[in-house]
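Single-letter residue listing:
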Amino acid sequence: MAKVTIDGHTIEVPTGTTILEAARMIGGPIVPPAMCYYSKLKTTGGYCRTCIVKVSKGSEKDPRPMPKPVASCRTTVMDGMEVQNITSPDLLEARAGVVEFLLLNHPLDCPICDQAGECHLQDLGYENGKSKTRYEFDRREFEPIEIGDKIKLHMKRCIHCFRCVKLAEQLTPERFQGMLNRGDHSEISTYIKHAIDNEFSGNMIDVCPVGALTDKTFRFKSRVWFVNPEDAHRNCSKCAGKARIWLKGEEVLRVTARKDKYGEAIDWICNECRFDKKKTSDWVIEKPTHIDRHSVISMNHYESLKDLKQDVDKQQKQLVNKKVNLGQGALNPNNSI
Amino acid sequence: MLTNRSQAVAKKEMTLAERLYLPAILHGLKITVSHFFKKKVTIKYPEEKREFSKVYRGTHVLKRDEIGAERCTACGLCAVACPAEAITMVAAERKKGEEKLYREEKYASVYEINMLRCIFCGLCEDACPKEAIFLTDRITPSTFKRGENIYGKNKLVEPIDKPIDISARQTQAVLEFKKHKEFAHNKVYTEKQLPNKH
Chain L
11 MAKVTIDGHT IEVPTGTTIL EAARMIGGPI VPPAMCYYSK LKTTGGYCRT CIVKVSKGSE
71 KDPRPMPKPV ASCRTTVMDG MEVQNITSPD LLEARAGVVE FLLLNHPLDC PICDQAGECH
131 LQDLGYENGK SKTRYEFDRR EFEPIEIGDK IKLHMKRCIH CFRCVKLAEQ LTPERFQGML
191 NRGDHSEIST YIKHAIDNEF SGNMIDVCPV GALTDKTFRF KSRVWFVNPE DAHRNCSKCA
251 GKARIWLKGE EVLRVTARKD KYGEAIDWIC NECRFDKKKT SDWVIEKPTH IDRHSVISMN
311 HYESLKDLKQ DVDKQQKQLV NKKVNLGQGA LNPNNSI
Chain F
3 MLTNRSQAVA KKEMTLAERL YLPAILHGLK ITVSHFFKKK VTIKYPEEKR EFSKVYRGTH
63 VLKRDEIGAE RCTACGLCAV ACPAEAITMV AAERKKGEEK LYREEKYASV YEINMLRCIF
123 CGLCEDACPK EAIFLTDRIT PSTFKRGENI YGKNKLVEPI DKPIDISARQ TQAVLEFKKH
183 KEFAHNKVYT EKQLPNKH
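Protein chains in written order, with our numbering: chain L, 11 to 347; chain F, 3 to 200.
Honestly, the hints are just simulated from the structure, not real lab data.
Hints may be right or wrong, so weigh each one.
If the Cβ cut is set under 8 Å, some of the chain F residues that face chain L in the computed set are [what the hints assert, rightly or not]:
hint: 1; residue: T75
hint: 2; residue: A93
hint: 3; residue: A94
hint: 4; residue: E95
hint: 5; residue: E106
hint: 6; residue: K108
hint: 7; residue: F146
hint: 8; residue: E184
We treat Cβ as the ideally placed atom computed from N, Cα and C, and that holds for glycine.
Could you build all of it, start to finish, from the sequences and the hints given here?
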């Protein structure tokens, strides 16, 4: 066991735990953002550098600080280590620089991109980035690539996180895709555009943190905030069949894996569930998916009537406390509006 | 008690002058006749038009860019910003050869604003990242049928030959931003260098 302090929160974790995992055990705003690290996939992490943290004390035995920010997803904790994330202004500045680099070649075509609204790069840029670009040159341009008949790859949006490559290596028996070229020229490819036809290839859409890999069956159908996510399941012979369906009225516009609060898939789902089961009658709906109310997707998304009532009551109480001058009748719960 | 203006009803016997009614009628006529000589409060619309405020918010327009391609990409931000939920749209993918019609690879095949719902707050033009939708100084005319108030693209998209001036609605910051031609948003395409990437 090792004792680690992150932004003043101390936790004891098993030896060999990474700083990022330790931070996730604590939870809250001190968890560093991660674009390439994926806890469900092995050997991910270390590419994007968004999860950098400052180690102000190396360990109990060797208290010297680490000379520069370290990637928390790849650095394991030491006993007595002290880590600074949001409490260090220098680090936040460094992270803003990382975000700027990630966005150098990103086309910022969010109004067109199907990922907008649930994109990790949008969140990252919003929370850690700068609102202006200093880049004056033309951004990289690629023709979109069709990966099979259900997946589209927009290489111009890719941030080279390697998640889809690791997924192809680990979830499917043969290796199907990889990175071509180097540095500024690197691009994800299926190598001579081999179609990927594996039962679980669709999961690369879910692991992609940006809109580079998108579902062609959902392409331009709707914006994510106009569809209603519900947890649903079905009997599937290939996967657990536990998925999230995105409804618009009676129509299932798309099916994705269920994701945890760090945006990672809880269960992989097969391509049949993802691409072919587009009727409400194919699914047993369990409950509305929990959506954070700061997300744009939470618009018109009600999870339970009880919570809604509690929310309204809370807001009304706040209004009364603020003594907002709305007239006598407006705050009276007996007055129906 | 709902208001503080209510008064108790007093049942008083009317005086002779009140019972005659004639003084009251003459008093009313005096008011009527006096209005013949006052300045008229109405105007003969549409022959005459009142002066509009510079920032008057009337009927929307969907703008085209310099070569006449529609700027709207059906991103849905206007619809999500709309407090009255008046805007709906259906997106479609631009095909090869339509680059002159639509600026981006996605466009709105259906774009509808329900003018009965619209409260002309202008949040849609605030939300628009593509400078596609603007409110103009045109009045939304009243209609005989409800359905006529749902404006589709035929009524909203500006005619190619008659561009609608919206410069009064652009803030100083926007005009400054538009000077930066290196941003794809502000790029002026000639017919030869149309972006044909899909």
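Practice task
Would you pick out the hints that fail for this structure and give their numbers low to high?
Solution key: 7
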